[in-house]
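Listed below are the residues making up each chain.
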Amino acid sequence: MPRRIALVEDDATIRQNYADALARAGYEVQAFADRPQAMRSLATRLPDLALIDIGLAHEIDGGFALCRDLRAMSATLPIIFLSARDSDIDIVSGLRLGADDYLTKDASLPHLLARIAALFRRVEAAREPSKDDERLVRGALELDAARMTALWGGKAVDLTVTEFWMVRSLARHPGHVKDRDTLMRDAEMVVDDGTITSHVKRIRKKFLAVDAAFDAIDTVYGMGYRWKEAA
Amino acid sequence: MGPRFPHGIRWRLALAALALLAIPVLALQFIARMEAFLRASQEQDIAVTARAVASALSDREALFPKGGPPDDPEADERRRIVGLFAAADPDAAASLGRAYAPSEEIERFLDIMGRRASRLWVVDARSRVRGLSGTLKEPPPARAVKTRTPVAGWMKPVISLVVSAPQLPAGDETRPVRAQIDKALIGVSSTTWRGTKDREVAILSAAQPVFVGDDIVGAVVVEETTASIQLLKESALENLIAVTLAVCLGVFGALLFFATRLATRIRRLHAQAETAIDAQGRIRGAITVTGAKDEIGDLERSMAAVLERLAGYNRYLEQMAGRLSHELRTPVAVVRSSLDNLRAELPTDAPRVYLDRAGEGVERLSRIISRLSEGTRLEKMLESAEREAFDLAAVVRGCVEGYRAAYPDQAFEAAVPAGSLPAHGVPDAIAQLLDKLVENARDFAPAGTAIRVSLERAGGFCRIAVENDGPAIDPDLLPRLFDSMVSVRPEGQSHGGHLGLGLAIVRLVAEFHGGSVRARNLPAGRGVRFEADFPGG
Numbered sequence: 001m002p003r004r005i006a007l008v009e010d011d012a013t014i015r016q017n018y019a020d021a022l023a024r025a026g027y028e029v030q031a032f033a034d035r036p037q038a039m040r041s042l043a044t045r046l047p048d049l050a051l052i053d054i055g056l057a058h059e060i061d062g063g064f065a066l067c068r069d070l071r072a073m074s075a076t077l078p079i080i081f082l083s084a085r086d087s088d089i090d091i092v093s094g095l096r097l098g099a100d101d102y103l104t105k106d107a108s109l110p111h112l113l114a115r116i117a118a119l120f121r122r123v124e125a126a127r128e129p130s131k132d133d134e135r136l137v138r139g140a141l142e143l144d145a146a147r148m149t150a151l152w153g154g155k156a157v158d159l160t161v162t163e164f165w166m167v168r169s170l171a172r173h174p175g176h177v178k179d180r181d182t183l184m185r186d187a188e189m190v191v192d193d194g195t196i197t198s199h200v201k202r203i204r205k206k207f208l209a210v211d212a213a214f215d216a217i218d219t220v221y222g223m224g225y226r227w228k229e230a231a
Numbered sequence: 001m002g003p004r005f006p007h008g009i010r011w012r013l014a015l016a017a018l019a020l021l022a023i024p025v026l027a028l029q030f031i032a033r034m035e036a037f038l039r040a041s042q043e044q045d046i047a048v049t050a051r052a053v054a055s056a057l058s059d060r061e062a063l064f065p066k067g068g069p070p071d072d073p074e075a076d077e078r079r080r081i082v083g084l085f086a087a088a089d090p091d092a093a094a095s096l097g098r099a100y101a102p103s104e105e106i107e108r109f110l111d112i113m114g115r116r117a118s119r120l121w122v123v124d125a126r127s128r129v130r131g132l133s134g135t136l137k138e139p140p141p142a143r144a145v146k147t148r149t150p151v152a153g154w155m156k157p158v159i160s161l162v163v164s165a166p167q168l169p170a171g172d173e174t175r176p177v178r179a180q181i182d183k184a185l186i187g188v189s190s191t192t193w194r195g196t197k198d199r200e201v202a203i204l205s206a207a208q209p210v211f212v213g214d215d216i217v218g219a220v221v222v223e224e225t226t227a228s229i230q231l232l233k234e235s236a237l238e239n240l241i242a243v244t245l246a247v248c249l250g251v252f253g254a255l256l257f258f259a260t261r262l263a264t265r266i267r268r269l270h271a272q273a274e275t276a277i278d279a280q281g282r283i284r285g286a287i288t289v290t291g292a293k294d295e296i297g298d299l300e301r302s303m304a305a306v307l308e309r310l311a312g313y314n315r316y317l318e319q320m321a322g323r324l325s326h327e328l329r330t331p332v333a334v335v336r337s338s339l340d341n342l343r344a345e346l347p348t349d350a351p352r353v354y355l356d357r358a359g360e361g362v363e364r365l366s367r368i369i370s371r372l373s374e375g376t377r378l379e380k381m382l383e384s385a386e387r388e389a390f391d392l393a394a395v396v397r398g399c400v401e402g403y404r405a406a407y408p409d410q411a412f413e414a415a416v417p418a419g420s421l422p423a424h425g426v427p428d429a430i431a432q433l434l435d436k437l438v439e440n441a442r443d444f445a446p447a448g449t450a451i452r453v454s455l456e457r458a459g460g461f462c463r464i465a466v467e468n469d470g471p472a473i474d475p476d477l478l479p480r481l482f483d484s485m486v487s488v489r490p491e492g493q494s495h496g497g498h499l500g501l502g503l504a505i506v507r508l509v510a511e512f513h514g515g516s517v518r519a520r521n522l523p524a525g526r527g528v529r530f531e532a533d534f535p536g537g
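Read top to bottom, the protein sequences are chains A and B.
To convert, note that position 26 of the first sequence is 26 in the numbering used here; the numbers rise steadily by one, no gaps.
To convert, note that position 48 of the second sequence is 48 in the numbering used here; the numbers rise steadily by one, no gaps.
A couple of the hints might just be wrong.
Simulated restraints on C-beta separations [as the list claims (entries may be wrong)]:
no.	chain 1	residue 1	chain 2	residue 2	range
1	B	Arg480	A	Arg4	42 to 50 Å
2	B	Gly291	A	Arg68	18 to 26 Å
3	A	Arg68	B	Arg268	43 to 51 Å
4	B	Arg284	A	Leu208	58 to 66 Å
Derived PhoX-like pairs (lysine-lysine); straight-line CA-CA distance at most 20 Å [what the hints assert, rightly or not]:
no.	chain 1	residue 1	chain 2	residue 2
5	A	Lys228	A	Lys205
6	A	Lys228	A	Lys201
7	B	Lys233	A	Lys201
8	A	Lys205	B	Lys380
9	A	Lys206	A	Lys228
10	A	Lys155	A	Lys205
Keep in mind that the hints were calculated from the coordinates and are not lab data.
Backbone N, C-alpha and C define an ideal beta-carbon position, used for all residues, glycine too.
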């Protein structure tokens, strides 16, 4: 049975383009133009994944409200934000709305599909034992690429898919400086340098929330970032 | 502030206040008129007294017995003595010596007729003083004892300018009296002023002939000093000076206070207006409205409103780029997703060259949009960023290493001091600033030349400078380079989607750190130098 994806996007052309691409990838797509429509339908039957635009028709932050409502109905439903505003990305993280990932609308469709696949893989892998080669352990850090989970000192760090790939890219070669381009490539991101900086900031904050003494990510100005080996 | 405003409001009001000086001048003139009037009436009084005494004494032969030769040889001598007596020591009847031949009856009569503070004497045709009564040395009235106010002392020269003392003939002091007696003895009554040793006091004397029948047998002389008028005048002057001084000071003080308040308010407004908009025309401050109901209050309100409208317009312009990028993203997403769908549905062997070109175009468009909103995003980032202590030298060294790795074809020369250069701020933003400066330099540096990056301590701040050997920039454009949307790239060279936003970001970061930026051409066309200064170091 194909996975069902709810797509909430107010721009008809983009909605149709995305719906076509998702359908081609083998998903069943439910497309909605605004929040009330989506809520009416989704309340009766939750999708397997929700793809939500932040600005919805007349509601500038309608996507946020929808995300909150969906999260209230299900703690595990994977949610991806789509946004035309890159500043929204900061808001998403600031509001801690429980989105699993976010993409700007610049993202290519293959990239979007890859992200969706990664999220489904994460959901699935949570139920299966992971293979060793997908596990990465660096001091207190444990990364599980199959489940896309990160542990620091045994405690779970709630990273988004993007953040997970960035941490993995850094931690794979401790001491090596990863420049922004490499990080973007590794995290399959299509955003600009400034966004990398704010991603790294958020990652640091998430680790700091688990361990106040965390300082494993080193900024090498002008070059990029580096995972510090535990002393 | 005085020297800065030689023609300030206060100065002008002080000038206008000089008109107040008319008050004391007018008052002094009034006093002078009053004095003249008093003198005139005193003259009349004394003349009337002399006439009364003379008429009382007339036709009383017993008092002026005839005898002796009419041209008594001693008469001249006596007249001299009388003159001396009158001029020199008004008191000493003894000084008259032989010229004093008092008649008891006349003296008693004179005592009755005498006025206070006046001296009456009668001289007969042979210049003998037949009677003398009264003295010119009046007992000083209570007021005169009072210590003179210091004001009166130093005001005297001023007063003397305005109030003229009676014009007194100079020369032989005895002459006026003798002349008067001579005149009286030939039947002419007269009133004259004569001076005394005291410059302020004059003596007024009236002489009147005494007749027996048709013969002139003697003369009555009545003398008074002007001391009483003088006293009156002085006390009036003192009062006048005290009052006008108080009024002038009061009015002047009030004017000064008023002017100072006005000037202070206007200066405050001026200072606010000066700092409200900086050299680049951006709103930097606000005008506080005090709520005053006067014209300055109105000015404040309208200036604040103008500034508010200007700020609104500026905000609109600044957000324009951000809004534009937001609005453009959606159509770009439409194009991109359509292309992606097209690519997915095309048979694998179909030619994709146009599809790829369209993809490249969208990619470029996407980058431009990203740049458009970069400034806005950076501003947001700086707003929420936490300032931290960091090593500026390490940031610059790291960045230069990064550039060498990222652009292997480009040579970089770095002059960064060894050791650390502590600074306070947002290191990411500083790195971004350097990125933009280097990016800019790379666009202009001719192939094969190095880009020189330096960090140095200059006075109280740290200076990051980036130089390239590119062509000189039009000096008129130099100050505007750091403005948004100003680019000096020649047409056709803006392949990377340059919108003149990079250097605006440099300025944004520098100003956020309390620093400044500038660009200048190196001498002899050896290139262009961009500098950013940061406080600290």
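Which hints from the list above does the structure break, by number from lowest to highest?
Those not satisfied are hints 1, 2, 4, 7.
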